Amino acid sequence: MLSPKDDLRHQLRPGPHARESLFYNVLLPGEGLMIFGYTWVDAESRAGHLFAVVGDNDERLAFSAVDGVPVGDRDFDDWAVGDMWLRHSDLLRTASLGFSGDSVSLRAEFTGTHGAFDYASNEDGCPPFIADNRFEQSAHVTGELVLGDRRIPFDTTGHRDHSWGTRDWDTLQDWKWVSGQAGDGLTLNVMQLHARGETTRHGYVYRDGTLAPVVDVRTQAEYDDNWWQTGLRMTVHDAAGRQTSLTARRYALLRFDAGDRLTLHEAGCTGTIDGHPALVHFEAGWDRSYAQSQARSRTGTP
Amino acid sequence: MTATPELTRFAPEDDLLHDEISRSGPHARESLLLTAPIPEERLLVFLYLWREGGNRWGRFVFVGGPDMDTPLFVSHSDGAAFSGEDLRDFTVGGLHWRQPEPLRVAEVDFSERSAGGTSIGTAPGLDLSVRFEGIHEPFSWHDNADGCPDWVAHNRYEQSGLTRGVLTLGDRRVEFAGAGHRDHSWGSRNWNMLQHWKWMNAATPDGAVSLHAMIMSVKGETLVNGYLNRDGLVSPISAAHASATLDERMYHRALSGRFTDEAGREMTLECEYAAGWSMPIQHLLLNEIGMTATLDGHPAVAHVELGWPADYVRALTEVSA
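Chains as they are written, first to last, in the numbering used here: chain B, 1 to 302; chain V, 1001 to 1321.
I should point out that these hints are in silico values taken from the structure, not numbers from a laboratory. Keep in mind the model is a prediction, meaning the values are calculated, not measured. Treat the hints with caution; some may be incorrect.
Chain V stretches covered by chain B per the calculated footprint, using a threshold of three residues with CB under 8 Å from any CB of chain B [what the hints assert, rightly or not]: (1) 1170-1180; (2) 1194-1205; (3) 1236-1249; (4) 1296-1309.
Examples of chain B residues lying across from chain V (beta carbon under 7 Å, computed) [to be verified]: (5) Asp67; (6) Asp155; (7) Gln173; (8) His194.
For every residue, glycine included, the Cβ atom is placed at its ideal position computed from N, Cα and C.
Modelling step: build the complete structure from the supplied sequences, incorporating the hints.
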């Protein structure tokens, strides 16, 4: 059970993977852009951020990454790491995200469209190598992106998450993380993990005013010659007995590495949820050597 | 109960080499496997031979014991000599294999002193003779909804069987009679596709009940193959769930499985470690473990192989070491 304090920093047990992290996205397919905002802090109060505005094929129109920045006791109600800032004012409901760089600036107001959902509420729980707990929330997002001489106001949907505890990426073999919104009233988040030979499923479906945990997921993804996902078909069963289908087609992609072994492929997509037009963020995580092997096998490269 | 579709029937010549399919092309391969777990003796007899690229033969012969890290006998040979008449009666690197009754019986003999140079292990040598009798017709992975992926093989059969034989490890002589498993695949084999798999085989000692199940993690998806054999009916598995208890080395010490076949039947498998060895193949580790088991609560014998990328195992076991 989440409490409002879970939107703030947690006491982390010291350790090599102790970390608290927060993620926000805004998908602007009409502009061919995906905004990706990520910030974290470890048990020694050293923080970082990864902020990117990308087009397709890892075209980084804006990219900033810092790590190891001392933040002391600063909390998420007034957070800043480098050029990225964050304010959790109405806890578990609203968040303000901003970035001020040389050629890019962002201001985005996130308002949750349902109560935050934590993975501990799923039948498979929140695996200890992912986090002590983690919540996900669909949101309505308004704001403005300035990219070079492009001024892009937006009023759309988005997503955010927050996890805390041991974040041991290297235990994962692969995963799919999907967030989607067909307007404010039909949204979902799904995470399907493969780790230590087991498959676990996490997330929620929000529709008709009811938020229900995911109980089963079927996925079928497509990939290009870089082994970057191009599309997805997904069927989700939730604890309310509902079946929800999602399709997605990529228009933007960001790639970066995490941990010693993994690569993350972040796809901004347009698609449908039960036939309704939707914005979809489809993250696929892979062992780097496996992803490289698959890319080689597709291109016939030895 | 739903109607069970007609299953693939193999021809006697499918017990022989498939030169047109397995002799050329990328990853061309033909392989035979026979396993005889002897959990009451805490032994696992494992025999595996292959031909790659049409002319490169190799084979593994090992006897695993209670300690995964201390095999009793392991002999591995790449570039082994082949002699004989197709796969009817042939020898690969001293492993003498006969198939006197097509699609039903295999007889294998092997004898090697450790001083021969190809073997390791605590025993000074191995003398082995084992006879395998299938308890149902071989089953093709093509009969599963997920099919036989073209990177696994053009075709592949799996068969539960009863095993009988004798082995001598130094001063230790063991006569055994139990249950085992064999397979035969031909076509391409691209091990790079696999992220993880569970290859599970179990049978009751009288052969009345058996299963073969394969759960593969491939390209982020899960594929299921295999069959349930009960009451004289072999039916393709339609759903499989298995969970392993891993130790600090990621060896599976126990496994629980639930399986459903296309005839609507369910079967449960419970098994615990008896004997095994971790076999390296290319970038993978194949943890081969003979297990005491139950099938739907009835005593059974199992062989369960879990396959892992070696780098993944190293990363996780170094953390916990």
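- Task: Find the hints from earlier in the document that the structure breaks and name them by number, from lowest to highest.
- Result: Hint check: 1, 5 and 6 fail, others pass.
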